[in-house]
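Protein chains in written order, with our numbering: chain A, 1 to 451; chain B, 1001 to 1451.
There may be inaccurate statements among the hints.
In the SDA-like style, the derived pairs of lysine to any residue whose C-alpha atoms are separated by at most 25 Å in a straight line are [said to hold, decoys possible]: (1) K239/A to S1231/B; (2) K1239/B to K271/A; (3) K271/A to G1351/B; (4) K1239/B to K185/A; (5) K185/A to D432/A.
Since the hints were derived computationally from the structure, they do not count as laboratory data.
Number of protein chains: 2
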Amino acid sequence: MIDSVVDSKMADIISDLQTLIRQPSVSAKKQGLVECANLVASIMKKAGIHSEVLYLKDKSVPPIVYGEVRSRSNPNGKTLLFYNHYDVQPEEPLELWDSDPFSGRVEGNYVFGRGSADDKGELVTRIKAVEYMLQTTGDVPCNIRFIVEGEEETGSIHIEDYLKAYRDRLGCDGVIWEFGYVDAKDRPIVSLGMKGLLYVELVARGPSRDAHSSLAAVIENPAWRLVRALSSLRDATGKILIQDWYADVREFTQKELDTISAEPFDEQEFKKEYGIDRFVNNMQGVEINRAMVGGPTCNIAGLVSGYTGEGAKTVLPSTALAKIDFRLVPDMVPERQLGRLKDHLRRNGFGDIEVRLIHGEAAARTPVDHPFAKLVEQAAAETFGSTVVSVSSAGTGPMYSFVSVLGAPCVSIGSTFVFARIHSPNEFARIDLLNKTTKCMGRIVEKFARG
Amino acid sequence: MIDSVVDSKMADIISDLQTLIRQPSVSAKKQGLVECANLVASIMKKAGIHSEVLYLKDKSVPPIVYGEVRSRSNPNGKTLLFYNHYDVQPEEPLELWDSDPFSGRVEGNYVFGRGSADDKGELVTRIKAVEYMLQTTGDVPCNIRFIVEGEEETGSIHIEDYLKAYRDRLGCDGVIWEFGYVDAKDRPIVSLGMKGLLYVELVARGPSRDAHSSLAAVIENPAWRLVRALSSLRDATGKILIQDWYADVREFTQKELDTISAEPFDEQEFKKEYGIDRFVNNMQGVEINRAMVGGPTCNIAGLVSGYTGEGAKTVLPSTALAKIDFRLVPDMVPERQLGRLKDHLRRNGFGDIEVRLIHGEAAARTPVDHPFAKLVEQAAAETFGSTVVSVSSAGTGPMYSFVSVLGAPCVSIGSTFVFARIHSPNEFARIDLLNKTTKCMGRIVEKFARG
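Pulled out of the complex, with its shape left as it was, chain A reads as follows:
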């Protein structure tokens, strides 16, 4: 048990987290990635973890950080793999941050900064748990490996290549996923799946250059074509209107349905947090849980055309662009869904709208009754007092790649408060949750070694 060490070392945990936050590592802008990978490797080394920065053949791809500690007492036993990422979302919009997004400012129970929760906070709890275990006992009870990638926030486009290229080193019997939420009642969520993602750009083109808007009398505006095309994709209830969109959706099992029904969701707290007065399609109760766990979505992540500055520029834009992210569920295949989208546009007279695939990723789920899921649930319950099991996160990660390449079950557990503003201004980590989660990681390792 490392609990008392963790309690005495909080300044050390916060300091390592600040060091990581202060190195901007925005994968969307290819900013500071190699620098951050080296930083992670050095923090691992300091912790007593053997670490290497590894590349693919194409050296322009951001590297992964590989970490390893072999158990002296049990070198031929099981191996636990921690998966994390050192990259972060863009910090924009800058004007909405109360302080520098890369300052790592501490105020009371909070560490603020881009990446403080997602995912540098999570990474620190895992490294430090191993460090304190080594400090306390001089050993770890099972083999431990780390893979820390640098492209998670842009869709983990090379993680499968890395898993295949370094399959020998990364072999394992269970994966602790890169993040985990703690709900509004401080219950950690043990999450057993992730949705997939199909991220596309739709581009409508009009005149060969921006024109004076008086010409709208005779020239069709591409923003109108885009607006009409978008309108055809989804109705006001959230239903996606693309033919056969839901055809491959796997039905929930009875055990999954039971777990979903048991998952608490505080509607009032959520509404207050996001300043909304209703849910999509006026959903209530268990409908909301089902949508989060298993509802395919079609979201406008970005929209731009024409003049977007101050004042009244009268322009008829030459192009209009929408960024759309579709969340997918098992067993939807990204490529097949992309084909359905293209067919839909063609059939509805929008064949001239270009569809650019930005990223596709399938969904994955570990069964609710898998022993690895059960042991993580126990460790979490022992540390936090109670826990919540979730059939799947509403978010996306490359879990399908881990399951298919490494053949290991994946379970999410972590320190991120559910309203920690990840991907938003003023993202934060809660210090009390960093403390508990570091302890929880220690318990997971112990139970895993014994199990």
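Based on the hints, put chain B in the right spot on chain A.
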């Protein structure tokens, strides 16, 4: 006749135009406006025109430049007023310019730069015509006045205040409007009207801050609400679907219809210039003319929501904004049309979408058979060999304010090639047209004094 002087002075005309282009004066950004007004006043002085920079009581409003030459031989005769503007459109998108937008680069028959045509090129032809008339004869045959404003590109929001405040100085018997087009066959277009404008911003609001797009399963995205609201405004044929939108539209007279039918429009040339393969609603022939002259429009001038940079940010935006410009025709009243828009949104369940009025302006037309229109037509035909009469421009200007405050007829005539890329990158003035238009302005003054 100043024709031979103009021919010998082209370097002088181009030099004054370059001087004006090199002073950026972007009203949307409040950039360089007072500087440009002072520059215009000094160029007028050099030309022998008495000039003053005049303000409203609110000194934060960009000034106008007032210019005056009294006729020595005919001081109590008629007065001609030239209306122009010294401000320009924003230069963005910068990356599409082949050279600095404020360089005034000359290449062959072209002067490139923001404002080279709209409206600094036009202004120069008028000042120089008066200058060469004074140089040649020591007098002008009628009284001449200038009003040069600095907010035309942001909707001339204070021109009516200026006209009222300085009504005594600005009294006149005819107004030469700030711009005029020359068509693809080098025929000047004598245009007798302008459309009105209703420019609004529509703002849809969702969660109180940008959220992770996985939450699209339960949180409504304001971009979807905006897209659906926009879809309800206009159909694919260009028809505006707002109730009673067309109720106040004045029918064309038979003379106007005849003039519209006679107006040439080279469909192939236009399509080639703008890189389009069809017109809105597949219009052909005289339908296109009617739409340009008298078709109310609903145009998306700007659209923005969420993440618009490179890469795949998965965000559910907090707000979505559209900039819409509606072109109005006589006798649509901007305030009344705004009310109809708001009613429409409310009735269709989009009452939560904020409507911000940016600018409203009514349309105006001078009758086809007005004597002032006829004399400008003759002067243009004599200078250019032929001319085209247009019942109304497709664009907007504060003509209604001039007609209602000064009670004078307004006629458009100028030097701007119809494909001169005004409001777009690589805007240019054609030197041959600056030459002819300067000559034409001399003829207009002579005919006006005699008439």
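Contradicted hints - numbers only: As far as the earlier hints go, 2, 4 are violated by this structure, in ascending order.
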